[in-house]
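K.L.:
Got chain D; can you put chain S on it based on the hints?
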Amino acid sequence: MTMQGLLYIALLFVLVLGAAFPLGRYMAAIFEGRVTWLRPVETGFYRLAGVDEKRQMPWQGYAIALLLLSVIHFGLLYAILRLQYYLPWNPLHIVGMSPRLAFNTAASFATNTNWQAYVPEGQISNGAQVFGLVVHMFVSAAAGIAAAAAVMRAFTAGSLKTIGNFYVDLTRISLYLLIPASLIAATLLVIAGAPQTFAEAVNVHTLNAGAQTIAIGPVAFQEAIKELGTNGGGFFNANSAHPFENPNAWTNLFENFLLLVIGFALPITFGHMVKDKAQGRALMAAMAIILALGCVGTYAAEAAGNPMHIAAGVAAHDGNWEGKEMRFGIASSAAFNVSATGTSTGAVDSFTDSYTPLGGAIPMFLMQLGEVTPGGVGSGFYTIIVFALLSVFVAGLMVGRTPEYLGKKVQAKEIKLAMLGVLILTLFILAGAGFSLVTASGTGSLENAGPHGLSEMLYAWSSATENNGSAFAGLSADTPLLDYGLGAAMLFGRFAFMIPILAIAGSLAAKPKLPASAGTFPTTGPLFIGLLIGVIIILGGLQFMPADTLGPVAEHFLLHSGKTF
Amino acid sequence: MASADTISLFDARIFRRAALDAVTKLNPVTLARNPVIFVTEVVAALVTATGIEAIITRHPAGFPITIAAWLWLTVIFATFAEAVAEGRGRARAESLRRARSDTMAKLLLDPRDKVLFKPTPASDLRRGDIVLVETGDLLPSDGEIIEGIASVNESAVTGESAPVVREAGGDRSAVTGGTQVVSDWLVVRITADAGSTFLDRMIALVEGAERRKTPNEIALNILLAGLTIVFLIAVVTLVGFGQYSGTKFSIPVLAALLVCLIPTTIGGLLSAIGIAGMDRLVRFNVVATSGRAVEAAGDVDALLLDKTGTITFGNRMASGFYPVPGVNERDLAEACAYASLGDETPEGRSILALARDRFQLTPERPADATIIPFSANTRMSGVDFGAKSFRKGAVDSVLASLSTKADYDFTESVARIARAGSTPLAVAANGRLLGAIELKDIVKPGIKERFAALRAMGIRTVMVTGDNRITAAAIAAEAGVDDYIAQATPQDKLDYIRKMQAEGRLVAMCGDGTNDAPALAQADVGVAMQTGTQAAREAGNMVDLDSDPTKLIEIVEIGKQLLITRGALTTFSIANDISKYFAILPAIFVATYPQLAALNIMHLRTPESAILSAVIFNALIIVALVPLALRGVKFRAIGAAALLKRNLLIYGLGGIIAPFAGIKLIDMGLSLFHIFS
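Protein chains in written order, with this note's numbering: chain D, 20 to 584; chain S, 60 to 736.
Honestly, the hints are just simulated from the structure, not real lab data. Please note: incorrect hints may appear among the correct ones.
[Stated by the list, open to error] Under the rule of at most 27 Å between Cα atoms (straight-line distance), these lysine-lysine pairs were calculated in the DSSO-like manner: (1) D:Lys582 <-> D:Lys435; (2) D:Lys530 <-> S:Lys558; (3) S:Lys704 <-> D:Lys294; (4) S:Lys272 <-> S:Lys693; (5) D:Lys296 <-> S:Lys704; (6) D:Lys530 <-> D:Lys296; (7) S:Lys272 <-> D:Lys530; (8) S:Lys558 <-> D:Lys180.
With the rest of the complex left out, here is chain D (with noise of 0.2 Å):
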């Protein structure tokens, strides 16, 4: 390691958290209905969907409206893979998509998930793109951080039937959040040299007169929500390692910045609307303190470098660069793949699959906690809300009074529901991986043997499962048990257990709001923060040990030993 790639990391999070706070009061606002600069543009649409603003929805209610919202989006985005063969802007006449492709695309598009299984400069058209992966991302991107807001309602008074409206949520985080934001982001990357055109393909000659193929399009607008909306999803396949999307270590940053910036505003958020910022803080200390450790843990094995390159005498001076570009550097790549896996944006700038077998356990084991650090927009923070709800009850019992958050007594109902979630996750990525490891199809997908070999299944069910969308590598995903299992998995670990929590949400907003005394269990606070970590680490971390002992960890014994695969 390097004081310059340490200095690198701690800038990131300067920026990062810096950023968060104006921004997560920006959010409360609009969250609030206070923020009006596009009303017109605003109300047009509520008119034009006939939508009462006025309406508050019960967590029923909105549950219904998101998923009605997300089954429509799906069949409409299946329908345009698989005919966009016939569908406009297709100038390289892509064919459609194969049934069990459509299905795997549409529903890691509809997740916020952006798993690819799918080649993007071959299987894909620019109008596909466009008008059906951008829109999700967009929409799904929204609707995660609506079910945040919903969620953070229920905390804000006592005894409320109702926890908002998801139409007029959707709509706002969309028109005064993402959209906005997005258009500024694009502009930005388009200034440091990203794409952004309807053009076609450019051929061009090369110097030693072959002729090659050049696939653009309007990469810096989707570049802009892939990160921002924590989706993942690269106009090309080499994701933000291709110089289009990700241009240079200035860029490399700025997307950095992005996909993290949202969720770590959240929880400020949320201070905001309880209204004891103190609240907020924690979550996002607790978050930004697993994100860092992650982090620098893998800058750390990254620089170790390879002991066998070492040994052969070949090895960089300064680390392993097996899989990183060269205008980005060791920390900047270990910064963003750690970020883009913390955050659930799946996106890449480097190959993890070429990591070391530490520096890739632990982009793997954040994916496994549940996306909490800070992870996917609005889904990391109702997530790390449930994390929160269950170090209040082990541990608030020690205070000797029955738990409570934030003046909501927690019980049986709310830890059935949290524990629902827990299990969907965990059942998901360890029964997904398990399976698939004893079946011939499975094996086939894999390229590498032995440890290696698991720990790309399992980074792709975990992936999967928890709506990250990042890959290995190293892994042929478009079969049919993976199309439809990790399809499965990513429709499962979004909505099987969003759906519970918005029941959460529903059941404590209920509750009466008890007042604070000396007697009430600190929320805040060194003492919080480090149970919040621990229990974060115990109750979603400790049941993927033993399969993760027999990956990464047995790869790394091995690889020090001088066995590779």
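P.N.:
Frame of chain D; chain S shown alone:
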């Protein structure tokens, strides 16, 4: 009941019975209520089957049999913990049951005629029957006195052997089945059917027969069941990961991993903690009608306390002499002492005591003394002897009797006494006004510190008194309560509780009169006094057998202690998992990847020994923690933040570290005896 206090934690009789019960509790049908231990039992059976199979097929069976034995022990330790907790309650129930021996009741056919009765077995009595109870008779059932006054020995229920007076009407009209009339007679209307009397309910409660899981216990059980399923998924899917990696895990190994990861410690001790919490209350001579009330006691954030008897001593006491100009204080004190010679009230005795303490005055009662008793008309009392007469009494009455006007200094003294919340008495000798005595409500020593401790726990104290505002405010300030209700009527109490509850607070109160019943029912924790009326006892959710209103504070502490113990052991149990990974994972993977031996940071001798050590630790820790579960984690009134820090350090961090040491020690012990090493 008093003897129940001496039931030791490890009473041999309880132990023998508990050991037997622990085995009957293995019945999977009843054990299914406890998901963690149920899964452990199923797994133990599975491993036993593997061991037997190994014996039959002549494979090495030592390892599976040993693991199976320890898994069974884990289950038995858990059922044993519950059985011990129940046994302690049962011992108490025995002593209660002795009081319930079947008596013959004198059933009156006509309540107005106390001569004609029909002897009827107590078990045949119905609610509404009228019975006669005379000297020496046991009360056949719970009831309300409709006629008569008698002293009743209630030691069978309260453990207090001094008889108490019970009479018709008023707040002392309830009698309890099993107690004995020691003088006079009573006519009683029966208020409970046979089998549902107060004594019956108490027996059922302390035995744990009626024990239903409390809300927090249910929620905790869900969490534990959820964790069990999560780890079940982790262990079952490991078969797939293992097969891919070229490892075939044996059933005993997977079983050991599963049982070590699921929260067996808290799963095994959870119900014992709950039973022990109820038991602590009973030992404290408080009977809760449900475990829910005990839990609610821990949550209470406002206490409504009666002033008299709780915050102050029951009686006012003399605290100062205020002579009029020209009279010295000693003379006034002497006059006061004489005036009180015939006054047998506590106030009168306190005046004598003050005179003795201040001026060593111990006046003898002259032979020719005539005692003038207090009467509602004169509102004065005193003594006449020889030519002397001494009077003390209400200020205006004494002044009226003198027909002289009080001077400015006297009026000022009287006003100052009243402002301080005390009562002034005027004293005159031979028709001359000498001064005033201050009768003060004495706040119990140490009560202010207790209220401060309660405040640190986040609990508001509210004083309820019939006094006027000025008096109430003065005493409230002296006792350090947070709020007070002056000139309180039962309706005021009820309104106050409703207001607090609307703010989201949980309120506890105690009361004894029938007019307290609505407030007792409205409060989240209502403690009725055993001496109180039947209505009050029905309305509350706890009954204090000692009828000591100060106990409300201890009840809250017991509730908190129950919750803290539960939380501490849950945290400890979950924190244990980290070390078990380091013991078991390298052991089960090392055959496939020898390099993973690097994770064996405890340097356990062999894989078998490592796995067995973890399983043994897991079983023994349950037994080791039984005393803590039964006794409860000590509660300290230091505020939530400090309490959390302390307990998190002990049970959280301790829970991470302790098993590392424990497992290592067991492994070393096994190697001493060359077991699997």
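K.L.:
Now look at each hint and say whether the structure bears it out.
P.N.:
Verification of the hints:
no.	hint	in the structure
1	D:Lys582 <-> D:Lys435	45 Å, violated
2	D:Lys530 <-> S:Lys558	17 Å, holds
3	S:Lys704 <-> D:Lys294	25 Å, holds
4	S:Lys272 <-> S:Lys693	23 Å, holds
5	D:Lys296 <-> S:Lys704	22 Å, holds
6	D:Lys530 <-> D:Lys296	22 Å, holds
7	S:Lys272 <-> D:Lys530	22 Å, holds
8	S:Lys558 <-> D:Lys180	22 Å, holds
When each numbered hint is compared with the structure, a violation occurs for hint 1 only.
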